[in-house]
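**Q** What follows is each chain in one-letter form.
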Amino acid sequence: MSTTQHLQDFVTQVRRDILRQVHQVNSGHPGGSLGCAEFFSVLYQEVMEYSTDFDMDGKNEDLFFLSNGHISPVFYSVLSRSGFFPVKELSTFRKIDSRLQGHPTTHEGLPGIRIASGSLGQGMSVAIGAAHTKKMNKDSHLVYSLHGDGELQEGQNWEAILYAGSKGIDNLIATVDYNKKQIDGATDDVLPLGNLKKKFEAFDWKVLELKEGNDIEAIKNTLAEAKSLTGKKQPIVILMETEMGNGVDFMMGTHAWHGKAPNDEQLETALAQNPETLGDY
Amino acid sequence: MKTYKNTGNIDTRSGFGAGLTELGKTNPDVVALCADLTGSLKMDEFKKNHPERFFQIGIAEANMIGIAAGMTIGGKIPFTGTFANFSTGRVYDQIRQSVAYSGKNVKICASHAGLTLGEDGATHQILEDIGMMKMLPGMTVINTCDYNQTKAATLAIAKHEGPVYLRFGRPKVANFTPEDQKFEIGKAVTLTEGNDVTIIATGHLVWEALEAAKELDEKGISAEVINIHTIKPLDEAAILKSVRKTKCVVTAEEHNVLGGLGESVARTLVLNDPAPQEFVATQDTFGESGEPLMLLDKYGLNAKAISEKAEAVILRKE
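Those sequence lines, one after another, are chains P and A. Residues in the first sequence are numbered from 1 upward in steps of one, following the working numbering. Residues in the second sequence are numbered from 1 upward in steps of one, following the working numbering.
Hints are computed from structural coordinates only; laboratory data are not their basis. This one's a predicted model, so the numbers in the text were calculated from it and none came from an experiment. Incorrect hints may have been included.
Unchecked claim - Here are the simulated DSS-like cross-link-like pairs (lysine-lysine), alpha carbons at most 30 Å apart as the crow flies: (1) A:Lys48 to P:Lys59; (2) A:Lys47 to P:Lys135; (3) P:Lys233 to A:Lys47; (4) A:Lys25 to P:Lys135; (5) P:Lys59 to A:Lys25; (6) A:Lys48 to P:Lys138; (7) A:Lys159 to P:Lys59; (8) P:Lys95 to A:Lys134; (9) P:Lys59 to A:Lys47; (10) P:Lys135 to A:Lys48; (11) P:Lys138 to A:Lys25; (12) A:Lys219 to P:Lys167; (13) P:Lys138 to A:Lys159; (14) A:Lys25 to P:Lys167; (15) P:Lys167 to A:Lys48; (16) A:Lys159 to P:Lys135.
What the hints assert, rightly or not - Partial list, computed: chain P residues near chain A (C-beta under 8 Å): (17) Phe54; (18) Met56; (19) Arg114; (20) Ser125; (21) Asn137; (22) Ala160; (23) Asn221.
Ideal Cβ placement from N, Cα and C applies to all residues, glycine included.
Using the sequences and the hints, build the whole thing.
**A** Next comes the structure, spelled out in structure tokens:
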């Protein structure tokens, strides 16, 4: 099987996991999760070097921080299918006594999670701190992070963006899930972000634009380019244009599925569009 | 009655600076972060000795807390430094999620706490920080009383695994605890033994409590003064042992009566052996500009207030 076919099958299964997780507890955030299924799959299946024998310090491994913690369903699915914990544990998502909390946390000891997130805007600072420690430890591995676009409305991001640019944090690859939607509607209607590329550039970041943020090859190529640009005294951000709800026709083109679970009938329709590939949990 | 000698007035923040300087030499994992207050926090020496382990974050405290949390991943022990107000209230959610809930080994070191910050006024005089920090699960909360204790605490928290809030202050105050003291997190220090009333004090008011005990002694009242430097976890055994003997207690702190040490002591007592208690603390108010000692007098945080409350609480004993 080609790596692309494997990744496509992986993504399809991740979509099923996302849909089934949120459906089973009638809560959670499918829209952004589906939009980032390809990104997570490429990152964990092809790009990052890591050990599934989880160690919090993550020395001599690449690290990933999810800042927009509400898209936990995609994170949990990809972590479990990458070997961090049993896939069947996805059935405990958001249920009492679970390690799979509504938003990711280290508190319950879920392997693969290195920081709690959910209250928005904090992940970039954490990623910068981890990047600093990698340098101090003479560890050449990289730090990756993912942020929502609406999340950039939180001021702490701009403290972190200024800092990383000014201090030349060059072992960090941040990605913005640029789906242009948030809970209350289009980002342009809620609080326009303006020209994000120019804004990051004005803060001395290297900006890569990924127009096809749901295309596996395009993601692979952009992440490879980003990696090649590390170590040049400049942080890197990928503005990754994605489709919220990608892969489920009735969830695309709307912000309605940001934080809403499908009912039984909707789930059946959505799953029919994404046939089982690697086996459901 | 045991008495203590002031070996010379010096600020507690300098004790922090001295401790950090020593840690720089002895513990290569210790890193320091500061939000544009390096001089005020007495972090200059560490910065000079270890530029590769010192991080000037700029006036961006939320970012500082997040970076500190991230730095722990890979084994560093970050000490953040800024004023107490900007160490807590300004960054409560960052501490809550990225540090406390995430269980990160960050040491939040906070100077200029309380009224004795002085002339800058209420915008900077936080009187709510102990309450905020003690409510966070897993957070250790320490408020030191003099230079020597602050230095010892700074060294001790580097060896403690887990988040810590270390609170100290700006003005020069009496230095009276032993230079070679062993600082035990969570362990009360009994400074004077007495039978009539227990005085439990923290931070700058510990010296005032000792002064009050002298005044009371002259009146024939025997006061047991206990220094609680660790507000959480609280040394409940020491408190109960003393109050079971004296049957009443005065608590003293440079903090709001709501949420402070006094409430923690009261909770301990009502759950075990209820006893009359009086509180020396600010009374749900903001501070104001002024000289530190004048502010302590105006807001009733001094030896006189402590001795008066002691006499009052003794009268409430059954």
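**Q** Determine for every hint whether it applies to the structure shown.
**A** Against the structure, the hints:
With a C-alpha separation of about 28 Å, the suggested pair A:Lys48 and P:Lys59 falls inside the 30 Å cut-off, and the hint holds. Between A:Lys47 and P:Lys135, the direct Cα distance comes to roughly 18 Å. Compliance with the 30 Å bound is thereby established for this hinted pair. Proposed proximity of P:Lys233 and A:Lys47 is supported: the alpha carbons are some 22 Å apart, at most 30 Å. A distance of roughly 20 Å separates the Cα atoms of A:Lys25 and P:Lys135; the hinted pair therefore holds under the 30 Å criterion.
Between P:Lys59 and A:Lys25 the alpha-carbon distance is near 24 Å, which keeps this suggested pair within the 30 Å criterion. For the proposed pair A:Lys48 and P:Lys138, the alpha carbon gap of about 22 Å is at most 30 Å, so the pair holds. In summary, the hint linking A:Lys159 to P:Lys59 is supported, as the alpha carbons are separated by about 21 Å, within the 30 Å threshold. Restraint check for P:Lys95 and A:Lys134: satisfied, since their Cα atoms lie roughly 29 Å apart, inside the 30 Å limit.
Proximity of P:Lys59 to A:Lys47 is assessed by CA-CA distance (about 26 Å); at most 30 Å being required, the pair is judged to hold. Restraint check for P:Lys135 and A:Lys48: satisfied, since their Cα atoms lie roughly 20 Å apart, inside the 30 Å limit. For the given pair, P:Lys138 sits about 20 Å from A:Lys25 by alpha-carbon distance, which is consistent with the 30 Å threshold. Between A:Lys219 and P:Lys167, the direct Cα distance comes to roughly 63 Å. Violation of the 30 Å bound is thereby established for this hinted pair.
Of the supplied pair hints, the one linking P:Lys138 and A:Lys159 holds, its CA atoms being roughly 24 Å apart against a limit of 30 Å. With a C-alpha separation of about 26 Å, the suggested pairing of A:Lys25 with P:Lys167 holds against the 30 Å cut-off. Of the pairs offered as hints, the one joining P:Lys167 and A:Lys48 holds, with about 19 Å between alpha carbons and a cut-off of 30 Å not exceeded. Among the hinted pairs, A:Lys159 with P:Lys135 is consistent with the structure: their alpha-carbon atoms are about 23 Å apart, no more than 30 Å.
Interface hint at P:Phe54: violated, since its Cβ lies 12 Å from the closest Cβ of chain A, which is beyond the 8 Å cut-off. Of the supplied interface hints, the one on P:Met56 holds, with its beta-carbon coming within about 6 Å of a beta-carbon of chain A, less than 8 Å. Against a cut-off of 8 Å between C-beta atoms, the interface hint on P:Arg114 holds, since the closest Cβ of chain A lies about 5 Å away. With 8 Å as the threshold, the beta carbon of P:Ser125 comes within range of chain A, its nearest partner Cβ sitting at about 2 Å, so the hint holds.
With a least beta-carbon distance of about 5 Å to chain A, the hint placing P:Asn137 at the interface is held under the 8 Å criterion. For P:Ala160, the interface hint holds, the least distance from its beta-carbon to any beta-carbon of chain A being 5 Å, beneath 8 Å. Hint status for P:Asn221 relative to chain A: violated, with the closest Cβ pair at about 28 Å, above 8 Å.
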